[in-house]
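Please build the complex by placing chain R on the supplied structure of chain U, with the hints as guidance.
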Amino acid sequence: MATEILMPALSPTMEEGTLAKWLVKEGDTVTSGTILAEIETDKATMDFEAISDGIIGKILIPAGTEGVKVNSPIAVLLEDNEKIEDVSLDSDIANSESVAEAETNIPSQFFQTITQTATQIDNTPDWPDGTPLKQQTVREALRDAMAEEMRHDPTVLLMGEEVAEYQGAYKVSQGLLDEFGETRVMDTPITEHGFTGIAVGAAFGGLRPIVEFMTFNFAMQAIDQIINSAAKTLYMSGGQMGAPMVFRGPNGAAARVAAQHSQDYASWYSHIPGLRVVIPYSASDAKGLLKTAIRDPNPVIFMENEILYGKSFDVPELSNFTVPLGKARVWREGSDVTIVSFGIGMQYALEASEKLLEEGIKAEVIDLRTLRPMDTGSVIQSVMKTNRCVTVEEGWPQNSIGSYISSILMQEAFDYLDAPVINCTGKDVPMPYASNLEKLALVTTAEVIDAVKHVTYR
Amino acid sequence: MAARKTVKKPNVSSEELQQIYHDMLMIRRFEEKAGQLYGMGLIGGFCHLYIGQEAVVVGLEAACQDGDKRVTSYRDHGHMLACGMNPKGVMAELTGREGGYSKGKGGSMHMFSKEKHFYGGHGIVGAQVPIGAGLALADKYLENGRVTFTYFGDGAANQGQIYETFNMAALWQLPVIFVIENNQYAMGTAQKRSTSTPELYTRGAAFGIPGDAVDGMDVLKVKSAGTKAVMHCRAGKGPYILEVKTYRYRGHSMSDPAKYRTREEVQKMREERDPIEQVKGILLTGKHASDDDLKSIDKDIKDLINAAAEFAKESSEPGVSELWTDIYAE
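Each protein sequence line maps, in turn, to chains U and R. For the first sequence, position 103 (counting from the first letter as 1) is numbered 103 according to this note's numbering, and the numbering increases by one without interruption. For the second sequence, position 121 (counting from the first letter as 1) is numbered 121 according to this note's numbering, and the numbering increases by one without interruption.
Next up, chain U with everything else stripped away, as it sits in the complex:
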């Protein structure tokens, strides 16, 4: 049966083109792969090949014609035994498939972009009253979390630079090599891009790797594997396979290590669908959240802080203590202002709230703990009570976590706000080395106090 040869789309954006030149004439025999014509697209001149065998019965569009619409017939291809006279162009031609533009009625997704409102807020404490507590550093809590999960699940392994024999560049993995051996605690070469990709592959292959970055600054070399491979594969595979793994290490400024070693990546990773992003402040959160992160079937960015590693907190003595992702923690209740922070920012937030209390200003202090999913409900509920909000973080101001919270509050608690939200952030400069300049570049407790006074009109 005769078939129509249709004007092809030869680029992702082509809607029409010029039929520049015919390379065959009527009566020519063609086979699959024979170049039929040259077609000018919006980008280039392309060869157009036959995809089936036959005889060119009739050329419908002469060479040189401009503006030929994609999918319009340009020639008729006959089978061996056919003659063009026998073919009625109106009815006898197969394959003149017109592509119906699917008019999908897509409902507005606008409200999906706004996160869950303050409907279901989980206010249960992280551990029951009366649980025995012990003082532990963040460093020890992180190690215990990994050791407990490695005992529990033989597919969990730790890999990274200096995690094994050196016992961790910051001693977080102390003792793990001795207990679990070199198959499960693997020193890697200093090649973040490569070993991160290998860890992603291992996660696809059935393991649950914990990747330690000596700092998140170095993870920039690996960010393609984290985002394009780890975060997106579950979606791109229609749910068939994903990367159950944890990327952890210190994030943000330490002390006097200057621009390339002092960046806060909280807002970078929190931007990415497919990732979970956790940034604990206390030792109990470090432990409980890391255990949850290791068990989570998704890629989790787990950001620690070098300055907090040595800080001690109460940690519950429970055999299976975990903290759920996406649940904020109210550190201090108050009625005058809500201070929202996370990670080391909590240090400034809590210090400021104590000093403010001396002046009679009662601040409610919320530690987000998880940035994705973010417990915006708890923030909104608090702001509905205090009517004022200050956010605190060490990262840069543009597209900060604070700016996202501000937009959420504007959309969902606009009528409750008695003052514009203020974002206390690191200064918009690369981190300087000089001691005095470094102090100026970081967010300070004094700035948080000033911001609170500003929004409370004191």
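Any given hint could be a false lead.
[Stated by the list, open to error] Mimicking DSSO-like on lysine-lysine, the simulated pairs with C-alpha atoms at most 27 Å apart in a straight line are:
#1 K313/R with K69/U
#2 K43/U with K259/R
#3 K299/R with K313/R
#4 K58/U with K302/R
#5 K21/U with K302/R
#6 K192/R with K268/R
#7 K295/R with K83/U
#8 K25/U with K259/R
#9 K299/R with K83/U
#10 K69/U with K259/R
#11 K116/R with K221/R
#12 K25/U with K268/R
[Said to hold, decoys possible] Cβ-Cβ distance ranges computed for the label pairs, FRET-style:
#13 K192/R with S435/U: 52 to 60 Å
#14 S194/R with D86/U: 40 to 48 Å
#15 Y416/U with A329/R: 41 to 49 Å
What the hints contain is simulated information worked out from the structure, not anything from laboratory work. Positions of the beta carbon are idealized from the N, C-alpha and C atoms, including for glycine.
Positioned in the frame of chain U, the structure of chain R alone reads:
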């Protein structure tokens, strides 16, 4: 370091030869159909066809066992069909329909099948290489005796992460075969214009990884070289590099005018080196199949591909709710 060797033709049964012919022709007809559907606007975006390179995946699939893994780049249709994925599901993914392997959410470049141990389908040049080594790391960790075929092109062979991966794969003795599909053009840049040393199979020398080069237009030579590589890996001797010299007839993607090479160059390759014609020749001259047998295979494939195309057109677009699913695993 192994020098380039002539690989002896293995003894292959008539049945296996016919299967090889079938699989290669199926890939070619599938890709021709995909090109046609692209031309009709049914397939969008980027679409990288495998025409000309069929002997590479069919030869190597003939060398592997059930449970072995494979991972490749965005020129992935051939790999999927060769490892037994359903042409209907692959074609429906190309058209972005719910019947596709990724429910229409991945497209030509991002497709996966856990069942067939096909780990993608990756759109970022070179990114699949450490992933392949990671799959091998998991196999070694789980002590399951499996081997991973990690495919990449001559373009990706210049990526930094490849060499980071070579180092770790050798250091940790991972059971991974790095298959360099050298089709001589990194998009539009000829190998000699992008690559300081053309012998890509020697690129593992600095890491102590043995390598071999093979004529990728000869499917039996590919199978034989693949078998040797698999034996090396399965014996616990660590990674292996196999450079397969091949040629793609079509442009880099559907929108590539391919002005960086002459029509004559492509035509000469088609006429003198075509991998499918070579097998056809062996089948007929060796009396492994009759003309009628081949006609029957041709017809079966035509029906199979037409059915795949019909399915890909008829399958519905994914439901709107699919926009929000598969972002997180529960």
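Problem - Non-conforming hints, listed in increasing numerical order - result: 5, 14 and 15
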